[in-house]
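> Chain A is fixed; fit chain B onto it per the hints.
Top line first, the protein sequences correspond to chains A and B. Take the first sequence: its letter number 134 is residue 134 in the numbering used here, and every next letter is one higher. If you want the numbering used here, it's the position in the second sequence, counting the first as 1, plus 1000.
Hints are not guaranteed to be accurate.
Pairwise CB distance ranges, derived in the manner of DEER restraints [unchecked claim]:
1) A:Ala332 <-> B:Pro1018: 21 to 27 Å
2) B:Thr1072 <-> A:Ile342: 48 to 54 Å
3) A:Phe542 <-> B:Glu1193: 45 to 51 Å
4) A:Asn467 <-> B:Leu1212: 53 to 59 Å
In the DSSO-like style, the derived pairs of lysine-lysine whose C-alpha atoms are separated by at most 27 Å in a straight line are [what the hints assert, rightly or not]:
5) B:Lys1188 <-> B:Lys1110
6) A:Lys225 <-> B:Lys1009
7) B:Lys1106 <-> B:Lys1188
8) A:Lys590 <-> A:Lys605
9) A:Lys543 <-> A:Lys49
10) A:Lys546 <-> A:Lys37
11) B:Lys1188 <-> B:Lys1202
12) A:Lys225 <-> B:Lys1010
13) A:Lys92 <-> A:Lys191
14) B:Lys1009 <-> A:Lys605
15) A:Lys49 <-> A:Lys546
16) B:Lys1010 <-> A:Lys605
Footprint (simulated), chain B over chain A, 3 or more residues, beta carbon under 8 Å [what the hints assert, rightly or not]:
17) 205-217
18) 248-257
19) 285-296
These are computed hints drawn from the structure, not numbers from a lab. Fair warning: this is a prediction, and the values are worked out from it, not measured in the lab. Beta carbons: idealized from backbone N, C-alpha and C, even for Gly.
The primary structure of each chain is shown beneath.
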Amino acid sequence: MSNEATLHSQEVIHGAHAHDHGHDDHEHHHEGGFISKYVFSLDHKTIAKQFLITGIIWAIIGAFFSVLFRLQLGFPDATFPWLESILGHWAKGGRITPEAYYALVTMHGTILVFFVLTAGLSGTFSNLLIPLQVGARDMASPLMNCMSYWAFFLASVVMMTSLFVQTGPASGGWTAYPPLSALGDASIGSKIGMDLWLISMALFVVSQLLGGLNYISTILNMRTKGMTMTKMPLTIWSFFFTAILGVLSFPVLLSGFILLLFDRHAGTSFYLSDLFVAGKALSNEGGSAILYQHLFWFLGHPEVYIIILPAMGMVSEILAVNSRKPIFGYLAMVGSMFAIVILAFLVWAHHMFVTGLNPFLGAFFVLLTLLIAVPSAIKVFNWITTIWKGNLRFTPGMLFAIGFVSTFISGGLTGIWLGNSSIDIHLHDTYFVIAHFHIVMGVSAFFGTFAGVYHWYPKLFGRYLNNTIAYIHFWITLIGAYLIFWPMHYEGMAGMPRRYYDYSSWESFKQFTDLNHFISVVVIVVFAAQLMFVFNFFYSIFKGRKVTSTNPWSATTLEWTTPINPGHGNWIGEIPEVYRWPYDYSKNGKDFIPQTVPLSPDEEKEGH
Amino acid sequence: MDTAVTAKKKWWSGGHSPFNVSYGKLMMWYFLMSDAFTFGALLISYGTIRFMSTSWPDPNEVFHSFPGMGHTHLPLVFVSLMTFILIMSSVTMVLAVHAGHMRDRKAVAKWLSWTILGGIAFLSCQAWEWTHLHEAGAWWGRNPFLNVDGTIASTNFTNFFFTITGFHGLHVTSGVVLNIVILANVLKGTYEERGHYEMVEKVGLYWHFVDLVWVFVFTCFYLL
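Bound-form chain A, shown alone (with noise of 0.2 Å):
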């Protein structure tokens, strides 16, 4: 009785909901200030926004920082006055400082992985499109899901400001080992930065939670009438994967964090054992470092998926879409990801094979890692297949969704080398590593995103961005991306460490000054690509070509079915219903026909 009424009165909530806002947009417009439209909005389509715009203001800042210690790395002997005048002390004479060095290396990593790649990419899209591709008025929670917004920004509050105290930023990396981040005293970046570091990713994994509790409801209790799971989209699928990835592997990190800060301010030696700094011996013992390890890479690794599993559902439907084609194996796309999930769990320790890990037990993770092969192969062999013969629209969204295919097949197979433990022991550490998985997770990871932003821009500020400065962008990002990555494979595999300062002290690597430093020009051409995106991302927002269309990919999927500027509630009077999956692309004749289409007589007799 009692869960009738419960069921009963959510209902009428969200029937209410709908009247307050389903009118008329203009109506919107005059209900509440500026604050509560812009700042503290409930609106799911604002607070998309909202991640979106701090995801891009942290990936600008992250990728300077990374132009920044090329310059060091592909100029190790020249000084920039202009270094100075921006970083002070920290560039004494226009050099950067070894201490410097690691701050920046520290916060590109952490930035790029959780600031952007995690809250600006899967807090962007899971936010905008959930609601609007499941049919629903908003979030199930649009209160917690605002608070999450805030969570995230306090974290960028308390980032930030890590920046700018004394000692400097957190720099030991931005995995945060112990013992170096567990003792103030082993260098100034373990001192009030490496706290803030904490504070700050702690109010992250909390925004991680409401956001993901928030989805995970949406999809699973909010779809429209006939909205099967079977009928979502491939991009929804991929949000809620990623929302329990998030959901189940944020609070192991969280419990890391809690034990380093113990041992940081409570004397405690959950981390510590057997220890000198500065010549002096520790009394802490009975601790191990390894645990830390341990307990950060069962996030560690399955932040990959929740970086790269929106980019896959966002290409995924892109693909379908501009090839005019049904993407090709569904099932297969939404098992594999499945399968991801589950092995996303059970392959933490590979990063871990040269820590001294029982070689028996690595043989087992070895095992693991490479059948995370399958599914990726499946996938990528589903994308081919999707675009193959497809009556091909080369939209920027459509470019960058290839270059996305492009990306992840290089940078993937290159993991298969990496997750044999006998390899790894060669390759581990080494820029093998950083060359594999800045193209597998992080170009990748990107070209999704940016696929992502030319493709439901026009849902998102009723604008196109402009197409030239769009192409130009691509074809910078791609060939550039290629340049950077590429050649890093080589100078891994003949030994060359990551996370040093200067390798021109070293006869071994001298052979590659002046690839270090072709690198470094490249990567200042990209980042200048990137600041194009970045004005037309915001010029486009108040002078970019007006969408005239409601539905102007010609797209199946629901979103479309809104007024080109949704109001808060989405859609004008009743939430349409859904008939059939969202990949009926040249069928019967016909270019698409949308989810919102009954099926025909013949239709039902094929026994759909």
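Chain B only, in chain A's frame:
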């Protein structure tokens, strides 16, 4: 809304919840799964460090005091009482939820009050135990207890004890606060107006979870 459950009803076809639950309850279940991973990680860390150590203090020798009993050797008696209190508070929570189903406002208020009382009693016991251990010289980074084989123990026995029971105590505290908020709403008649007592069920889920976690914490620190 159609709530008649027939064999033919297509639960997953959209338009309603596939589990016949509200989004709030669904979120609570997923949150508890997430929180289970938090505690799981802490307890597994504890297990890892303990197995790495050659020896470990004997809980019967550490937890043997009872308030007002002086130096009488009463191993694990006090913690058994604590555990009993917490489990009883789960029982009263079940009764509160049941009363909610019956739409019996008075009974909900009564059983919820008992639950809150149980929670506060448990926290008070924990406060006494912590104070007692602190007086004995135990704290984060300080461990006065010897290993069971007579050797000097590392501080990780107390480190983990205070961190994990503290983290659990924090959960109980937030549970008590949540229960008080819900009780206030029950007394105000908020749920009577709403037509259901689902909020009581949701905090009930949380409360049982915290109780369940204690069973694991209790086992790991006091029994093993």
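> Would the pair lysine 1009 (chain B) and lysine 605 (chain A) pass a check requiring their Cα atoms to be no farther apart than 27 Å?
22 Å, holds
> So does asparagine 467 (chain A) sit 53 to 59 Å from leucine 1212 (chain B), Cβ to Cβ?
57 Å, holds
> Between the alpha carbons of lysine 590 (chain A) and lysine 605 (chain A), is the straight-line distance 27 Å or under?
With Cα atoms ~18 Å apart, lysine 590 (chain A) and lysine 605 (chain A) stay inside 27 Å; holds.
> How does the coverage statement for the stretch 248-257 of chain A fare against chain B, requiring three or more residues with Cβ below 8 Å from a Cβ of that chain?
holds (count 8)
> Keeping to a limit of 27 Å between CA atoms, is the pair of lysine 225 (chain A) and lysine 1010 (chain B) held or broken?
Satisfied, since the Cα-Cα distance of roughly 11 Å is no more than 27 Å.
> Using the C-beta atoms of threonine 1072 (chain B) and isoleucine 342 (chain A), is the stated range 48 to 54 Å upheld?
With a Cβ separation near 53 Å, threonine 1072 (chain B) and isoleucine 342 (chain A) satisfy 48 to 54 Å, so the hint holds.
> Hinted pair, alpha-carbon criterion (27 Å max): lysine 1188 (chain B), lysine 1202 (chain B). Please report holds or violated.
Judged against 27 Å, a Cα distance of about 18 Å means the pair holds.
> Given the hinted pair lysine 92 (chain A) and lysine 191 (chain A), is their alpha-carbon gap at most 27 Å?
The given pair, whose Cα atoms are some 21 Å apart, holds under the 27 Å limit.
> Would you check chain B against the stretch 205-217 of chain A, counting CB to CB pairs closer than 8 Å, and say if three or more residues qualify?
holds (count 6)
> Between the alpha carbons of lysine 225 (chain A) and lysine 1009 (chain B), is the straight-line distance 27 Å or under?
13 Å, holds
> Given that the stretch 285-296 of chain A was listed as covered by chain B, double-check it with a C-beta distance under 8 Å for 3 or more residues.
holds (count 7)
> Holds or violated: lysine 49 (chain A) and lysine 546 (chain A), Cα atoms, limit 27 Å.
Status holds; Cα separation ~18 Å.
The structure is consistent with each of the numbered hints, conforming to all of them.
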